[in-house]
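Asker: Build out the structure end to end from the sequences listed, making use of the hints.
Chains A and B are the protein sequences, given in the same order. Per numbering that gives the first Met the number 0, numbering through the first sequence is continuous, rising by one, with the last residue being 366. Per numbering that gives the first Met the number 0, numbering through the second sequence is continuous, rising by one, with the last residue being 184.
Just so you know, these hints were derived from the structure itself, not from any lab. Be aware that one or more of the hints could be misleading.
Restraint-style ranges between C-beta atoms, simulated for each label pair [said to hold, decoys possible]:
# : chain 1 : residue 1 : chain 2 : residue 2 : range
1 : B       : S54       : A       : S363      : 48 to 56 Å
2 : A       : S125      : B       : F90       : 38 to 46 Å
3 : B       : F90       : A       : A334      : 41 to 49 Å
So, partial list: chain A residues that the calculated Cβ filter (under 8 Å) puts toward chain B [stated by the list, open to error]:
# : residue
4 : L74
5 : R77
6 : A218
7 : Q219
8 : L223
9 : K225
We treat Cβ as the ideally placed atom computed from N, Cα and C, and that holds for glycine.
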Amino acid sequence: MTAKKKIAHLHFFAALLTFLWVTSAAAMSVVFINPGKSDELFWASVSRFMEAAAEDLDVRIEVLYAGRDTTRMILLARQVAARAVRPDYVIAVNEKQVAVPMLKILDAVGIKTFLINNTLSPAQISLVGKPRTGLTHWLGSLVPNNEEAGYQMAKALIATGHRHFPDERQLPLIAIAGDRATAAGKDREAGLRRALAEHPEVVWKQTVYGEWNRQRAAAQAEVLYKRYPDLRLVWCANDLMAFGAMDALRSEGVPGEEKLFVGLNNSPEAMEALVDGRLTALSAGHFSAGGWALVMLYDYERGYDFADVGPVERVEPLLMLLSPNQAKFYLRRYARSDFRSIDFRRYSRAYHPELKTYSFSVESILK
Amino acid sequence: MPHIFNTLAPSALRRLVAAVVLSVGISSGIFAVHVDGDLTERQAVLLENILLSMSAPVSESIWMVDAPLLQRQLDAMAQIPGVAHVGVSTFIGQEFSADKKAYGGQSRFNVRRIVLRHEEEPLGQLEIWGDSDALHEEVTENVLEVLGTLVLQLLVFFVAAYLLLVGGATSDRRSVTPDDVQTKN
Numbered sequence: 000m001t002a003k004k005k006i007a008h009l010h011f012f013a014a015l016l017t018f019l020w021v022t023s024a025a026a027m028s029v030v031f032i033n034p035g036k037s038d039e040l041f042w043a044s045v046s047r048f049m050e051a052a053a054e055d056l057d058v059r060i061e062v063l064y065a066g067r068d069t070t071r072m073i074l075l076a077r078q079v080a081a082r083a084v085r086p087d088y089v090i091a092v093n094e095k096q097v098a099v100p101m102l103k104i105l106d107a108v109g110i111k112t113f114l115i116n117n118t119l120s121p122a123q124i125s126l127v128g129k130p131r132t133g134l135t136h137w138l139g140s141l142v143p144n145n146e147e148a149g150y151q152m153a154k155a156l157i158a159t160g161h162r163h164f165p166d167e168r169q170l171p172l173i174a175i176a177g178d179r180a181t182a183a184g185k186d187r188e189a190g191l192r193r194a195l196a197e198h199p200e201v202v203w204k205q206t207v208y209g210e211w212n213r214q215r216a217a218a219q220a221e222v223l224y225k226r227y228p229d230l231r232l233v234w235c236a237n238d239l240m241a242f243g244a245m246d247a248l249r250s251e252g253v254p255g256e257e258k259l260f261v262g263l264n265n266s267p268e269a270m271e272a273l274v275d276g277r278l279t280a281l282s283a284g285h286f287s288a289g290g291w292a293l294v295m296l297y298d299y300e301r302g303y304d305f306a307d308v309g310p311v312e313r314v315e316p317l318l319m320l321l322s323p324n325q326a327k328f329y330l331r332r333y334a335r336s337d338f339r340s341i342d343f344r345r346y347s348r349a350y351h352p353e354l355k356t357y358s359f360s361v362e363s364i365l366k
Numbered sequence: 000m001p002h003i004f005n006t007l008a009p010s011a012l013r014r015l016v017a018a019v020v021l022s023v024g025i026s027s028g029i030f031a032v033h034v035d036g037d038l039t040e041r042q043a044v045l046l047e048n049i050l051l052s053m054s055a056p057v058s059e060s061i062w063m064v065d066a067p068l069l070q071r072q073l074d075a076m077a078q079i080p081g082v083a084h085v086g087v088s089t090f091i092g093q094e095f096s097a098d099k100k101a102y103g104g105q106s107r108f109n110v111r112r113i114v115l116r117h118e119e120e121p122l123g124q125l126e127i128w129g130d131s132d133a134l135h136e137e138v139t140e141n142v143l144e145v146l147g148t149l150v151l152q153l154l155v156f157f158v159a160a161y162l163l164l165v166g167g168a169t170s171d172r173r174s175v176t177p178d179d180v181q182t183k184n
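Answerer: Next up, the structure:
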C-alpha cells in the first residue's frame, strides 16, 4: 500500500469516526420539565438559553411547561417515563421541593436526570441519598450562588444607601423574600442576613414573603410603608417583587430617591430599571443554569464526566451584580431572549479536552 | 252519681284544661327565657374561645401582610357553627371580613372583640358576631322538645283519667238493676 493510499484510508476512517461522532451527538435527546409558565419571562428565558445551547451542541431538546403547578410537574415526569421512546436525559427543578417523586419515577425507567436552579434539600438528600448513590440515574445538579447573590445585593443596597442618605446614621430596611419552601429564596435571604450582620447601622425592620409575585409584593409594600414611614432600603428576592414594591410607592415618591430598591433577574424591564436608576442594584444570570447543564450532560454523554472535574452537586457563580453598561449590553444583545450568538462549544470539555474545569459565568456572555 | 258527673265534668274539665294550658304556657315561657340565656352564654364562651385560639394565627397573618391567608382564616372561622360574622380592622386602615354562607344579614349579636398584637405592638382588632338565627332555632327546638314531651304526658294523663272516670260511671250504671228500681218503688 502506497503512502497516498494509507493517507486516503486514514482520511476515510477519520471521516467515518467524525460521522459516527456527529450522528451519535444528534441522537442525544433531553427533556426539560420547566416549572414555570411559557409566557413567564424568567422561565421562558431559561428555555431559550437551553435551546440555544442545544442547537450549538446538536442536542434534541423538548421543553414541557408545568405552569407553576407542582402536581403537573410530577405528572409530566410520569408521562415522559411512560413514553415508548424515552429521552436520554431529563432536566428538572426542585421547585417547591417536589423533585424527589420526579427523580424516583424517572430513575425507575432508567432515564438519567439532572437538577438545575433548585436542588434537593439536605432533608431530601437524607431520604434518597446523594446523586449516583440511592437514585443511580440522578447524575447531579447545578445551582446558582443564591446566597452570595443575596449578600451582594444587600451590600450594594447598603453602600448606595450610605451615599444617598449621608446624614442618616441608621438605615431602616425591609425585605420581600420569595417563599418559605424554595431553596433559592431561602439562600438569598440567608445572604441578606449575612450582610445585615456586618452592618449594625442598618435597622432590619421585617421580612415578608411575596411569593415571587408583583401584585402581592405591591400590597405588602403598601402596608409596610405605612408601618415603617422612615423606611429607606427595600431588598427584594426577585425583580417582579421589586417592581411591586415600587408600584406601591405610587405618587408618594420616586424609586431610587426616597427609597432604594434591589432585585434579581434578567427581564428587560429589570435591565432598564437598573440603567435608569430605579433599581439600585440588579443581580442576574441564573437563567443560564439550564444551558450550562446541557453542556455538562453533552460532555457526560461523550465520556467527559463532570464528576472528574468537580463535585456532582455544583454551585456555580452564575448570579452576579450587573453594571448599567452590562445591562445595556444585555438589552442590545439578548433582549428577545435570543442567545444563539453564544458559542456554547467553547465551554464544552468534549470540544476542548484541554479545559481542566468548567467556568460558567454570565460575565463571559456579557462581553 | 252519674248525673252529678255529667253536669260537673264539662265545666271542671274546661277549668282543668285552661289551668293546664296556662301553666304549660307559663312554664314554657320561663323555660324558653332560661334556655335562651343559657345558650347565649354558651355561645359567648364559644366565641371567646374562638377569638383566643385564632388571635395568634390571625395576628401572624396581619404582621406578615399575608392577605390571602388572613382571608382564608376568617372564612374558616365564619363557618364554625354559632358564628355569623368575623371581621378584622387593622390600625393602618385595612378591613377584612367573612360571613357565614347562610348568613342573612343579621344584626350584631353577642359581639366579642380582641386586640391583635405582634409581640407588644398592637396591630388591629378581631371582632366576631354570634349567629342569632342559629341560637333562636336552638331555643325553639329545645322548647318544642320539652313542650312536646309535656303535652304527650298530659295527653296520657287525660286519657287515663277519662278512662278511669268513664269506667267508674259504667260500673255505677251497671249496679242499678230493675230489681233495685222495683225495690225503691
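Asker: Run every hint past the structure and note whether it holds.
Answerer: For each hint, the structure was consulted:
The hinted range of 48 to 56 Å is satisfied by S54(B) and S363(A), whose Cβ atoms lie roughly 55 Å apart. In this structure, S125(A) and F90(B) meet the distance hint of 38 to 46 Å, their C-beta atoms being roughly 44 Å apart. Between F90(B) and A334(A) the Cβ separation comes to about 45 Å, which falls inside the hinted range of 41 to 49 Å. The beta carbon of L74(A) comes no nearer than 25 Å to any beta carbon in chain B, farther than 8 Å, and the hint placing it at the interface is violated.
The closest approach between the C-beta of R77(A) and any C-beta of chain B is roughly 30 Å, which is over the 8 Å cut-off, so the hint fails. Here the hint on A218(A) is kept, as its CB sits about 6 Å from the closest CB of chain B, short of 8 Å. For Q219(A), the interface hint holds, the least distance from its beta-carbon to any beta-carbon of chain B being 4 Å, beneath 8 Å. This hint holds: L223(A) has a C-beta 7 Å from the nearest C-beta of chain B, less than the 8 Å allowed.
Annotation: interface hint on K225(A) holds; nearest CB of chain B at approximately 4 Å, less than 8 Å.
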